[in-house]
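S.K.: Letter by letter, the chains look like this.
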Amino acid sequence: MSATGIGASVRRKEDFRFVTGRGQYTADIARPGQAHLYFVRSTHAHAKILRIHAGHASRMPGVIAVLTGEDFAAGKLGSLVCGWLIHSKDGTPMKMAPHPALPVDRVRHVGEPVVAVIAERADQARDAAEAISIDYEELPSVVDPAKAQAPDAPQIHEVAPNNTIYQWQLGDPAATEAAFARAASVTAIDLVNNRLIPNAMETRAAVAEYEPGTEQFTLWNTSQNPHVARLVLSAFVGIAPEHRLRVIAPDVGGGFGSKIFIYPEELVALWAAKTVRRPVKWTSERSEAFVADAHGRDHVTRAELAFDAEGKILGLKVKTIANLGAFMSTFSSSVPTYLYATLLSGQYDIPAIFCEVDAVYTNTVPVDAYRGAGRPEATFVVERLMEVSARRLGVDPAELRRKNFVKNFPHQTPVIMNYDAGDYAASLDKALALADYAGFPQRKREAAGRGKLRGIGLSAYIEACGIAPSQAVGSLGAGVGLWESAEVRVNPTGTVEVLTGSHSHGQGHETTFAQLVSHRLGIPIDNIAVVHGDTDKVQFGMGTYGSRSGAVGMSAISKALDKVETKAKKVAAHLMEASEADIVFEDGKFTVAGTDKAVTFGEVALNAYIAHKFSGAELEPGLKEGAFYDPVNFTFPAGCHVCEVEIDPETGRTDVVNFTAVDDFGNVINPMIVEGQVHGGIVQGIGQALMEACVYDESGQLVTGSYNDYRMPRAGDFPPLVVDTTVTPCPSNPLGIKGCGEAGAIAAPAAVMNAVTDALGTEDIAMPATPLAVWTVLQRQAHREAAE
Amino acid sequence: MNVTLTVNGETRSAEVPPETTLLVFLREYLNLTGAKTGCDIGDCGACTVILDGKAVNACLMLAAQADGRDVITIEGLATREGLHPLQKVFEETGALQCGFCGPGVILSAKALLDENPAPSKQEIRNALAGNLCRCTGYVKMIDGIQEVAETMRSVPTPALPAASKGEQKHG
Numbered sequence: 000m001s002a003t004g005i006g007a008s009v010r011r012k013e014d015f016r017f018v019t020g021r022g023q024y025t026a027d028i029a030r031p032g033q034a035h036l037y038f039v040r041s042t043h044a045h046a047k048i049l050r051i052h053a054g055h056a057s058r059m060p061g062v063i064a065v066l067t068g069e070d071f072a073a074g075k076l077g078s079l080v081c082g083w084l085i086h087s088k089d090g091t092p093m094k095m096a097p098h099p100a101l102p103v104d105r106v107r108h109v110g111e112p113v114v115a116v117i118a119e120r121a122d123q124a125r126d127a128a129e130a131i132s133i134d135y136e137e138l139p140s141v142v143d144p145a146k147a148q149a150p151d152a153p154q155i156h157e158v159a160p161n162n163t164i165y166q167w168q169l170g171d172p173a174a175t176e177a178a179f180a181r182a183a184s185v186t187a188i189d190l191v192n193n194r195l196i197p198n199a200m201e202t203r204a205a206v207a208e209y210e211p212g213t214e215q216f217t218l219w220n221t222s223q224n225p226h227v228a229r230l231v232l233s234a235f236v237g238i239a240p241e242h243r244l245r246v247i248a249p250d251v252g253g254g255f256g257s258k259i260f261i262y263p264e265e266l267v268a269l270w271a272a273k274t275v276r277r278p279v280k281w282t283s284e285r286s287e288a289f290v291a292d293a294h295g296r297d298h299v300t301r302a303e304l305a306f307d308a309e310g311k312i313l314g315l316k317v318k319t320i321a322n323l324g325a326f327m328s329t330f331s332s333s334v335p336t337y338l339y340a341t342l343l344s345g346q347y348d349i350p351a352i353f354c355e356v357d358a359v360y361t362n363t364v365p366v367d368a369y370r371g372a373g374r375p376e377a378t379f380v381v382e383r384l385m386e387v388s389a390r391r392l393g394v395d396p397a398e399l400r401r402k403n404f405v406k407n408f409p410h411q412t413p414v415i416m417n418y419d420a421g422d423y424a425a426s427l428d429k430a431l432a433l434a435d436y437a438g439f440p441q442r443k444r445e446a447a448g449r450g451k452l453r454g455i456g457l458s459a460y461i462e463a464c465g466i467a468p469s470q471a472v473g474s475l476g477a478g479v480g481l482w483e484s485a486e487v488r489v490n491p492t493g494t495v496e497v498l499t500g501s502h503s504h505g506q507g508h509e510t511t512f513a514q515l516v517s518h519r520l521g522i523p524i525d526n527i528a529v530v531h532g533d534t535d536k537v538q539f540g541m542g543t544y545g546s547r548s549g550a551v552g553m554s555a556i557s558k559a560l561d562k563v564e565t566k567a568k569k570v571a572a573h574l575m576e577a578s579e580a581d582i583v584f585e586d587g588k589f590t591v592a593g594t595d596k597a598v599t600f601g602e603v604a605l606n607a608y609i610a611h612k613f614s615g616a617e618l619e620p621g622l623k624e625g626a627f628y629d630p631v632n633f634t635f636p637a638g639c640h641v642c643e644v645e646i647d648p649e650t651g652r653t654d655v656v657n658f659t660a661v662d663d664f665g666n667v668i669n670p671m672i673v674e675g676q677v678h679g680g681i682v683q684g685i686g687q688a689l690m691e692a693c694v695y696d697e698s699g700q701l702v703t704g705s706y707n708d709y710r711m712p713r714a715g716d717f718p719p720l721v722v723d724t725t726v727t728p729c730p731s732n733p734l735g736i737k738g739c740g741e742a743g744a745i746a747a748p749a750a751v752m753n754a755v756t757d758a759l760g761t762e763d764i765a766m767p768a769t770p771l772a773v774w775t776v777l778q779r780q781a782h783r784e785a786a787e
Numbered sequence: 000m001n002v003t004l005t006v007n008g009e010t011r012s013a014e015v016p017p018e019t020t021l022l023v024f025l026r027e028y029l030n031l032t033g034a035k036t037g038c039d040i041g042d043c044g045a046c047t048v049i050l051d052g053k054a055v056n057a058c059l060m061l062a063a064q065a066d067g068r069d070v071i072t073i074e075g076l077a078t079r080e081g082l083h084p085l086q087k088v089f090e091e092t093g094a095l096q097c098g099f100c101g102p103g104v105i106l107s108a109k110a111l112l113d114e115n116p117a118p119s120k121q122e123i124r125n126a127l128a129g130n131l132c133r134c135t136g137y138v139k140m141i142d143g144i145q146e147v148a149e150t151m152r153s154v155p156t157p158a159l160p161a162a163s164k165g166e167q168k169h170g
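Quick mapping for you: the protein sequence lines, in order, are chains Y and G. Numbering that gives the first Met the number 0 puts the first sequence at residues 0 to 787. Numbering that gives the first Met the number 0 puts the second sequence at residues 0 to 170.
Excised from the complex, chain G in its bound form (with noise of 0.2 Å):
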C-alpha cells in the first residue's frame, strides 16, 4: 500500500507491506535511522518521534495510520541555524554516553517544552519516564531539559547557533 506524510517538513512517500510500522518506514523506507528499535512494543522510547505535535513511539504505530500526518523525527530537528537548543545543551553538558537513547530523550523533551515551557523537576521526570537510558542516570538529561526551559522562557529565540569549530570547550 502507498503511504505518504510529511517528515521533517518534506512530503515522502513509499510502497509497503500494509503491517509495516512507522518505524520501520522511517529506517528502512526514508532510511532515517536516527529513531532506535529498542524493544519495539514501546516500552522504552528509542523509536520516539512527534507526531502531529505529540510524542508517540514509532514502533507501536502503523505507517498507514501516519497517511497523512506531520512528523518529526531527530533527523529535523536542527535548523538552518543551528542546532536545536535540547540537542545544544545536552552536547554542551554531556547528557548522553552511547547516545542510542538520545534521539528519543530529545524528542520527548520537545514534545514536553512545547507542551509546557515552563515545566517542574517531576513534570521533566514523568516525561522520560517513558525512555529508558541504561548508561547515564538521567541526571544530566533532566538538568540540560530544565536548563533549557528557563532560556527559552527568558531568550525566545527558537535555535542557538550551530557548535561552530572554535568553539570546543565547556567548562
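This is chain Y alone, in the form it adopts within the complex (with noise of 0.2 Å):
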C-alpha cells in the first residue's frame, strides 16, 4: 500500500480551505450588481389564495419587483416534477400533481413559497416581504398519513382521489400468505418512522445570473447533483435549453438528501434573474428550511413475520402508509417503493415476502429521500421484527438472527435484489466480542442496583448501494440512468486532473479519488485535481447520493484510467522502440518487460503532447480519456450495530452508554474518512431514535421550526463510538468498494429502539423515545403495576 494510495488515512485535500474558513459556499458568492430574493411563504397548511396586496411593499425602499403566482404561470415554464414513474398494482400510473414554482390560486402546505420580492438589499426584500399580506380562505387540512386516505379527509389534488398517489406492492401474495398459514408462530408490530427534517448546517441558496448578451444562465446552487438541476430546469420546466444553462454546485455544506431535489426557490431566481435582468441571490433562512426543504422517512407500518417450529423464517408480510407530503418531490416515489420494500429480506433467508404501499398526499412539507432514503425504513421494519421475535420466543437476538443469516451468495431475494457477496456472522462476532454482549446482564445488575434501567439492542442492517444498474432502475420506472462518468486529463507536465460527475459535499471525495488515481499512476496525490459540481467543466454525472460515488462514480474514473494507461503505454512503446505489448507499466513507471529500459509517468505525459516520436496517423496526440460507467448490480454494504442504553426512571431520560459499529463496506479506500462517515451516520440515526420529533399540529403548523423545539443531537450526547469493519470485497465493481455514507443512518435507530424496549420492558413505544415519551410508559406502567 503506497502512502497516498488505496487503503491509507491519507489527509483530506479539501480540509485547508475548511479549517481557514476559505471554503467557497453558494453564501459566500457575490455578483457585481446583485439583487436579493425573499419568499412571502404560507402561513396555512391549506388555503384558497384570494388576494395578495403588495402595492405598497412594491414601493418600499430598494424594491424591484413583486412576482407572483400569476406572474409565473403567465411566463410559460413547465412545472417540477418527480423523476421516477411508479405504477399502482392495478396498472395505472401514479397520481403526480402539478407542482409550479410559485401557485396561483391555492396553497398546500405550511412555508410553500407564494410571492417572490426582489430588493437591492436582502434587508429590504424580508421588510417588503413583511409588508405584503394574502387574503386566504382556509380549508380543511391533513396531516397524519393515516388519516390521509379517509373518505372525509380533505381532498389536496384534483388529480388524486383519496389524496392516494399509489398503492403500490412488491412480492408473492399466494406464496407468503401459504407460509404464514404452516406458521408455527407470528410476530406482529406497528411502527411509526418519524418523520425527519434534515438540516445540513447550509441552509439551501442559489445565485442566479442572466446575460442577455449570449442568453445564456448560469446558477450557483446548493446542489447535490447540479448535472440532475440542469436536466430538470431544461427539459421539464424550460427555464433554458440545458447549453445556455451553467449549473455550479461549489463547496456545498451537507445535504443527506435534501440538496438532490429541484425546488422551486432556485427556479424562481433563475426566472426572476431573467425579469430583472439582475443578478439574483437567495439564502434561506433557517427558518424557512424547516418548512420549505423536504423532509425524511414518515412511515406507519404494519409488519408480521412467520417462524416455523425451529425458530425459522418463513415468511414477512409489511403494510406501509408513506407520506409525500403536499406535492411529489424529484424523487419521492422511489423512496418507500423500490429503495425501501427492495430490503425487507435483510440480512436473511425468507423464502416469501409480501409489502403493500400506499403514498399519500398530505397538508406537509414534500417528503424524499433523506439519508438511507427508504433503507432506515426497512431496516427498522425488519430489526424490530427479529428483536420483538426472540424476545417473544424466549431465544438470544443475536442467535435468531445468525440462524437465519444468508449464508451462501449470490443469493436472490423475493424482492428484486440480488446480493453479491457478505458475511453477516462475521460483523454480528466481532460486534457482540467489541460490545462485550456476554458481560450485558452484569452491567443490567449493576445499573439496576444504582436505579438505573439498562438495556441492549442489535441492527443487523444491509443496505442495496451503488445506485444503479440504468437497465434495472430503468425497468422499475426511473427517467434517468444511474450510471457516473468520469474524464481524466493527463498534462503535458504530468499533473492530473480528475473531472467527476459525483459532487463531494462533505464525503471527501477530492481526497478519495485522488487516492485511486495517485495509486493507480503512481504520482503524488499533490499533483492531482479533483473537479465537480460545474457543468461547464464536467461533461455530464449523476451526483451524489444512495452511497454512489464511490462504486459508481470511482469506478468510472478506474475505466478512465484503464484508457490512459493503454494510451499511455501506445507512447512509452514509441518512446523506448519496442513493442506496446512489451511494455510493462508499475509504480509510475513503463518499461520494457526483459530490459532495463524505463520512461517515468511525467515522461510518458510529455511526449503524448509534444508527439515528436509519433506520426497524428498512428496514434493521436494528447492524453486524456473518458469514461461512463454502469453499474452490473447494486452493492450491499451489511454489519452489524450494538447499542446498549440506561435509563433515568426519575426523568424518563436515555443516556447511549456504549454504541459499537461493525459494517462491511468492502474494500476501504480511506479509513479516517470511512470513519467519519461512520460516526455521523450514527449520531443522526441516535438523534431519530431518542431526539428528533418532527410535530405538525392538527391544522397543518409545523410546531417543532427551529432548533429550539427540533433537538439535533450536540456534541454532549453520546460517549465515544466504538467503530471496526469487517471486509468482504463487493465483486460487482473494479475496486471492490460497496459505500458507507449511510450506514449508520441506517442500523442505529433500531439498534436504539431495541435497546431502549429492552430496558423498559415494553415494545410500547414510538421513535423518538424523548425524556417524555420514556416518563410516560414508565408512568404507565407503574400505575397499571399499581392498579394489579
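Treat the hints as calculated values from the structure; they're not laboratory data. Among these hints, one or two may not hold up.
Residues of chain Y clear of chain G, computed beta-carbon distances all greater than 12 Å [stated by the list, open to error]:
#: 1; residue: LEU169
#: 2; residue: PRO172
#: 3; residue: PHE179
#: 4; residue: VAL236
#: 5; residue: ALA580
#: 6; residue: GLU585
#: 7; residue: GLU649
Have a look at the derived ranges for each label pair, beta carbon to beta carbon [unchecked claim]:
#: 8; chain 1: Y; residue 1: GLU241; chain 2: G; residue 2: ILE40; range: 36 to 42 Å
#: 9; chain 1: Y; residue 1: ALA425; chain 2: G; residue 2: ILE40; range: 44 to 50 Å
#: 10; chain 1: Y; residue 1: GLU214; chain 2: G; residue 2: LEU59; range: 41 to 47 Å
All residues carry an ideal CB built from backbone N, CA and C; glycine is no exception.
Two chains, two frames, some hints: make the complex.
M.R.: Here is the structure:
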C-alpha cells in the first residue's frame, strides 16, 4: 500500500481551505450588481389564495420587483416533476399533481412559497415581504398519513382521489399467505418511522445570473447533483436549453439527500434574474429550511413475521402508508418503494415476502430521500421484528439472527435484490465481542443497583448502495440512468485533473478520488486535482446520493484510467522503440519487459503532447480519456450495530452508554474518512431514535420549526463510538467497494429502539424516545402495577 | 453609522445601517466569509467569532456593539508561521466533513483552550454544545481538541509549521 494510495488514511485535500475559513459556499458568492430574493410563504396548511396585497410593498425602499404565481404562470414555464414513475398494482400510473414554483390559487402546506420579492438589499426584500398581506380562505387540512385516505379527508389535489398517489406492491402474496398458514408462530408489530427534518448546516441557497447578450444562465446552487438540476430545469421546466444553462455547485455544506431535489426557490431565482436583468441571490433562512427543505421518512407500518417451530423465518408481510407531503418531490416516489421494500429481506433467508405501500398526499412539506432513504425504514421494520420475535420466542436475539442469516452468495431475495457478497456472522461476532455482549447481564444488574434501567439492542442491517444499474432502474420506472461519468486529463507536465460527475458535500471525494489516481498512476497526490460540481467543466454526471460515489463514481474513474494507461503504453512504446505488448506499467514507470529500459509517467505525458516520436496518423497526440461506468448490480454494505442504553426512571432520560458498529463496506479507500462517515451516520440515527421529533399540529402548523423545538444531536450527547469493519470485497465493481455514507443512519435507529424497549420491558414506545415519552411509558407501567 | 473595530489585528471600518449585525458586517462589508450564517438566531454557532477573548455568536450582536473592540475570525487564526494547532489537528484527523460548521467549532475550541488549557472531555463537549454539526457526530472534533490541549501543555509553542506540500500523509 503506498502512502497516498488506496487504503491509506490520507489527509483530506479539501481541509486546508475549510479549517482556514476559505471554503466557498453558495452564500459566500456575491455577483456584481446582485439583487436579493425573499419569499412570502404560506402561513396556512391548506387555503385558497383570494387576493395578494403587494402595492405598498412594491413601492418600499430598494424593491425591484414583486412576483406572484400569476406572473410565473404567464412565463409559461413547466411544472416541477417527480422523476421516477411508479405504477399502482392495478397498472395505473402514480397520480402526480402539478407543482408550479409559485401557486396561482391554492396553497397546500405551511411554508410553500407564494410571492417572490426582489430588492437591492436582503433586508429590504425581507421588509417588503413582511409588508405583503394575502387574503386566504382556509380549507380543512390533513397531516397524518394514516388519516389521509379517509373518505372525509380534505382533497389536496384533484388528480389524486383519497389523496392516494399510488397503491403499490412487491413480492408474492400467495406464497406469503401460504407461509403464514403453516407458521408455528407469528410476530406482529405496528411501527411509525418518524418524520425527520434534514438540517444540513448550510441552508439552501441560489445565485442566478442571466447574460442577455448570449442568453446564457448561470446558477450557483447548493446541489448534490448539478447536472440533474440542469436537466430538470431545462427539459421539464424549460427555463433555458441545457447548453445555455450552467449550474455550479461549489462547496456544499452537507446534503443528506435534501440537496438532491430541484426546488421552487432556485427556479424562481433563475426566472427572476431574467425578469429583472440582474443577478439574483437567495439564501434560505433556517426557519424557512424547516418548512421548505424536503423532509424524510414518515411511514406508518404494520408488519408480521412468520416462523416455523425451529425459529426459522417462513415469511414476511408488510403494509406501509408513506407520507409524500403536499407535492411529489424529485425522487419521492422511489423512496418508499424500490429503495424500501427491496431491502425487506434484511440479512435473512426469507422464502416469501409481500409488501404493500400506499403513498399519500398530506398538507405537509414534501417528503423525499433523507440519508439512507427507504433503507433505514426497511431496516427498522426487519430489525424491530427480529428483536421482538426473539423476546417472544425466548431466544437470544443474536442467535435468532444467526440462525436465519443468508450464508451462501449470490443470494436472490424474493424482493428483486441479488446479494453478491457478505459475511453476516463475521460482523455479528465482531460486534458482539467489541460490545462485550456476554457481559451485559452483569452490567444490567449493576445499573439496577443504581436505580437505572439498562437495555441492549442489535441491528443487523443491510443496504443497497452503488445506485444503480441503469437497465434495472429503468425497468422499475426511473426516468434516468444511474451510471456515472469521469474524465482523466493528463497535462503535459504529468499533473492530472479528474473530472467527475459525482459531487462532494462532505464526503472527501477530492481526496479519495485522488488516492485512486495516485495509486494507479504512481504520481504524488498533490499533482492531482479533482474537479466536480460545474456543468461547464464536467460533461455530465448523476451526482452524489445513495452511497454511490465510491462504487459508481470511482469505478468510472478507474475505467477512464484503464484507457489512459492503454494510450500511455502506446506512447511509451514509441519512446522506447519497443513493441506495445512488451510495455509494463508499474509504480509510475513504464518498462520494456526483460530489459532495463524505462520511462517515467511524466516523460510519457510530455511526449504524448510533444508528439515528436510518433506521427499523428498512427497515434493521436494528447493524453485524456473519459468513461461512463454503469454498474452491473447494486452493492450491499451490511453489518451489525449494538446499542446499550441506560434509562433514569425518575426523569425518563435515556443515555446511550455504549455504541458499537461493525460494518462491511468491502474494500476501503481511506479508513479515516470512512470512520468519520460512520460516526456522523450513527449520530443522525441516534438523533432519529431519541431526539428528533417533527411535530405538526392538527391544523398543519409545524410546531417544531426551530432548533429550540427540533432537538438536534449536540456534542455533549454521546459517549465515544466504537467503530470497526469486516471486509468482503464487492465482486460487482472493479474496486471492490460498497459504500459507507448511510450505514450509520440506517442501522442505528433499530439498535437504539431495541435497547430502549429492552430496558423498559415494553415494545409500546415510538421514536423519538424522548424523556417525556419514556417517562410516560414508565408512569403507565407504574399505574398498571399499582392497579394489579 | 460608522463602525470601527480591530479584526484579526487590523483596524477595519465601514459605514453600515444601524441594524447591521456583526455577522453581516464581517461577511458583507469586510468580505470575511469564514463566519457562516447557519441559523441567524444563536442556536447553531456557525457564526462564532472571538470578541475580546470570548467566543460569541456574531449573528446575535450588532456591529455597533463591537465598535472599538477586538475580533478574531477564522481568517485570522493562522499566523505567518503556520496553522493554529487546532486547525492542524482538524486537518490531520479529518475532524470536519462538509466544513461549514468548522470555523465556528475551531473558534469555540480556541476560546475554551485560551481560558482552560486542561479541559476534561466533558468540558470540551460543553464548550461545543453551542456548535451544531450535522456531518461528523463530533467524535473527531472532541478527540482533536483534547489532543491539542495535551500537546499545548507539553510544548509551549503557539503554532506548528504549516502543512508543507511534501507531507500530505497521515496514518
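S.K.: Look at each hint and say if it fits the structure.
M.R.: Against the structure, the hints come out as follows:
| no. | hint | verdict |
| --- | --- | --- |
| 1 | LEU169 | holds (32 Å) |
| 2 | PRO172 | holds (40 Å) |
| 3 | PHE179 | holds (40 Å) |
| 4 | VAL236 | holds (28 Å) |
| 5 | ALA580 | holds (36 Å) |
| 6 | GLU585 | holds (21 Å) |
| 7 | GLU649 | holds (21 Å) |
| 8 | Y:GLU241 x G:ILE40: 36 to 42 Å | holds (39 Å) |
| 9 | Y:ALA425 x G:ILE40: 44 to 50 Å | holds (48 Å) |
| 10 | Y:GLU214 x G:LEU59: 41 to 47 Å | holds (44 Å) |
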